[in-house]
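Visitor: If you want the building blocks of each chain, they are given just below.
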Amino acid sequence: MMDPSPKPPEALIQAITQDLRPVKPSPPPLPLAMRMVPLALVFSWLIFLAMGVRRDSGPLLTWGVSSAQFVVAMALIWIAAHEGTPAGRLPSKMVRAASAAAFVAVVLLTLLTASLTPPGGPAHGSPWIAGLACGLGSTIAGAILILLFSWTFRKSVAARPTVAGALYGAGAGVAINADWRIICPVSTLPHALGAHGTAILATMLLGACLGRIWGARRLQTR
Amino acid sequence: MSGRLACLGAGVVTGWRVLVLSTKAVTNRPPPAKTSIVSEAERELRDLMIRYQSGSLEAFQEIYADLAPGVRRYLLHLAGGLQIADDLLQETFLQMHRSRAAYNPAYAVKPWVFGLARNVFLMNRRAARRWTEVHVLPGDMPESPVLPEMDKLGCVDEVRRCLAGLAADHVEALLLHHEWGFSFDEISGMLGISAQAARTRASRGMAGLRAALNQIQRAGA
Numbered sequence: 001m002m003d004p005s006p007k008p009p010e011a012l013i014q015a016i017t018q019d020l021r022p023v024k025p026s027p028p029p030l031p032l033a034m035r036m037v038p039l040a041l042v043f044s045w046l047i048f049l050a051m052g053v054r055r056d057s058g059p060l061l062t063w064g065v066s067s068a069q070f071v072v073a074m075a076l077i078w079i080a081a082h083e084g085t086p087a088g089r090l091p092s093k094m095v096r097a098a099s100a101a102a103f104v105a106v107v108l109l110t111l112l113t114a115s116l117t118p119p120g121g122p123a124h125g126s127p128w129i130a131g132l133a134c135g136l137g138s139t140i141a142g143a144i145l146i147l148l149f150s151w152t153f154r155k156s157v158a159a160r161p162t163v164a165g166a167l168y169g170a171g172a173g174v175a176i177n178a179d180w181r182i183i184c185p186v187s188t189l190p191h192a193l194g195a196h197g198t199a200i201l202a203t204m205l206l207g208a209c210l211g212r213i214w215g216a217r218r219l220q221t222r
Numbered sequence: 001m002s003g004r005l006a007c008l009g010a011g012v013v014t015g016w017r018v019l020v021l022s023t024k025a026v027t028n029r030p031p032p033a034k035t036s037i038v039s040e041a042e043r044e045l046r047d048l049m050i051r052y053q054s055g056s057l058e059a060f061q062e063i064y065a066d067l068a069p070g071v072r073r074y075l076l077h078l079a080g081g082l083q084i085a086d087d088l089l090q091e092t093f094l095q096m097h098r099s100r101a102a103y104n105p106a107y108a109v110k111p112w113v114f115g116l117a118r119n120v121f122l123m124n125r126r127a128a129r130r131w132t133e134v135h136v137l138p139g140d141m142p143e144s145p146v147l148p149e150m151d152k153l154g155c156v157d158e159v160r161r162c163l164a165g166l167a168a169d170h171v172e173a174l175l176l177h178h179e180w181g182f183s184f185d186e187i188s189g190m191l192g193i194s195a196q197a198a199r200t201r202a203s204r205g206m207a208g209l210r211a212a213l214n215q216i217q218r219a220g221a
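The listed protein sequences derive, respectively, from chains E and P.
Under this note's numbering, the first residue of the first sequence is numbered 1, with each subsequent residue one higher.
Under this note's numbering, the first residue of the second sequence is numbered 1, with each subsequent residue one higher.
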């Protein structure tokens, strides 16, 4: 028969007394996601400052679309924050549907901006090189944004850390894609979907790998 | 503990603290309101958790005393083995300690800790790839989340056998609701399914259990 008022084993007590410093409670998913907004905005401004915006009517025509896409990105981060809460997970079907909707929204917004803005073209070199530069550049920017996000979600206790990481990665990738549209001088559809779209997928994969690594690390540090 | 299951088919009716199946258990129970009043016990747990986050070891010990037996039985159900369940129990509370900052007082403590226990179980299963070791086959399930006093009762094994023959996700929802008293909203947050799906699973689990118990009763007669 079990002890009606069980006491924790000595080893557990020892592990706990080693680190009993006061901690600040984490905010619920929505405020947590909202905390990332200024972070992502400041990072976007830094990218703008570092790389400059494209020099035609493109930014004026597409800033609204990019803002809408930024909201989509933050929605993904909100879902990811839910995924990291043991008692606050959203239904898996809803997560899948929202991810698919975000993907469709990004494709539609890209199609819309491609039809709105002048096609432009790479200043020098082949479109392949321009595509590679954009793909790599936005993937690196997305990776930096994930690392910044990770400061807030590093202690999340997701049941599916890979999924949570992928959602954070997708959110970062979609947010960077919204910025990149205003920076990149090429608006042709193959470039926008091929190079920029691949960067979103790469950032999502990076987030998934990071989530997996952290999930495994959490288990190992017993 | 509010939720109770009754062994309907086998005819055992009262006195059970745990596995008691009532005919109106799932289908006639109104869904709990989302903004239900926080129970006294839950409020105490939240206060303890806040004290624990401020660095109180006594608060941790009280939380452990309150939740460990239930979490252990839940892990027994998930893992199906005594040894690994005890290991996972300690691992759960260790993870709780490491992630205590991730708890927000907006959430109820009990579902949060049970959700954490489930995460720990899933992570361990995934990491060690020992599904076959920890999840024994239905016909051979040695442990069910039953309280010790149930051992005195004759049809415990029958109920265990019946539960073991049902779909694992149905049994989990059934037990979370009736054994541990979680609302369907809480179960939905823990399992990553909708509240309606949680209700349906529990309902199907209950129907399956009734059918299985009736079958055993008929066979016995």
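Heads up, some of the hints might be wrong.
Covered stretches of chain P (chain E as the covering partner; in silico rule of three or more C-beta atoms under 8 Å from a C-beta of chain E) [as the list claims (entries may be wrong)]:
no., region
1, 104–111
2, 167–174
3, 182–195
4, 203–215
Below, in silico cross-link-like pairs of lysine to aspartate or glutamate (EDC-like), each with a Cα-Cα straight-line distance of 16 Å or less [as the list claims (entries may be wrong)]:
no., chain 1, residue 1, chain 2, residue 2
5, E, K7, P, E40
6, E, K7, P, D169
7, E, K7, P, E42
8, E, K7, P, D87
The following label-pair restraints were derived from C-beta to C-beta distances [to be verified]:
no., chain 1, residue 1, chain 2, residue 2, range
9, E, T17, P, R43, 25 to 31 Å
10, P, D157, E, D19, 41 to 47 Å
11, P, R43, E, P59, 36 to 42 Å
12, E, W151, P, D47, 47 to 53 Å
None of these hints come from the bench; they were simulated from the model.
We treat Cβ as the ideally placed atom computed from N, Cα and C, and that holds for glycine.
Visitor: Indicate, hint by hint, whether the structure satisfies it.
Guide: Against the structure, the hints:
Proximity of the region 104–111 of chain P to chain E, defined as three or more residues with a beta carbon under 8 Å from a beta carbon of that chain, is established by the 6 residues found. Coverage of the region 167–174 of chain P by chain E is violated. Counting CB-CB distances below 8 Å, 0 residues qualify, and the rule asks for three or more. Here's how the region 182–195 of chain P fares: 8 of its residues keep a CB closer than 8 Å to some CB of chain E, so the rule of at least three is met and the hint holds. Counting residues of the region 203–215 of chain P whose beta-carbon sits less than 8 Å from any beta-carbon of chain E gives 0, not enough to reach three: the coverage restraint is violated.
Of the pairs offered as hints, the one joining E:K7 and P:E40 is violated, with about 22 Å between alpha carbons and a cut-off of 16 Å exceeded. As the CA atoms of E:K7 and P:D169 are separated by approximately 31 Å, the hinted pair breaks the 16 Å bound. Straight-line distance between C-alpha atoms of E:K7 and P:E42 comes to about 20 Å, which puts the hinted pair past the 16 Å bound. Straight-line distance between C-alpha atoms of E:K7 and P:D87 comes to about 15 Å, which keeps the hinted pair within the 16 Å bound.
Separation of E:T17 from P:R43 is about 27 Å and conforms to the stated range, judged on CB atoms against 25 to 31 Å. Distance hint check for P:D157 and E:D19: the Cβ-Cβ separation is about 44 Å, which falls inside the suggested range of 41 to 47 Å. Roughly 53 Å separates the CB atoms of P:R43 and E:P59, a value that falls outside the hinted 36 to 42 Å. Separation of E:W151 from P:D47 is about 29 Å and departs from the stated range, judged on CB atoms against 47 to 53 Å.
The earlier numbered hints that this structure contradicts are 2, 4, 5, 6, 7, 11, 12.
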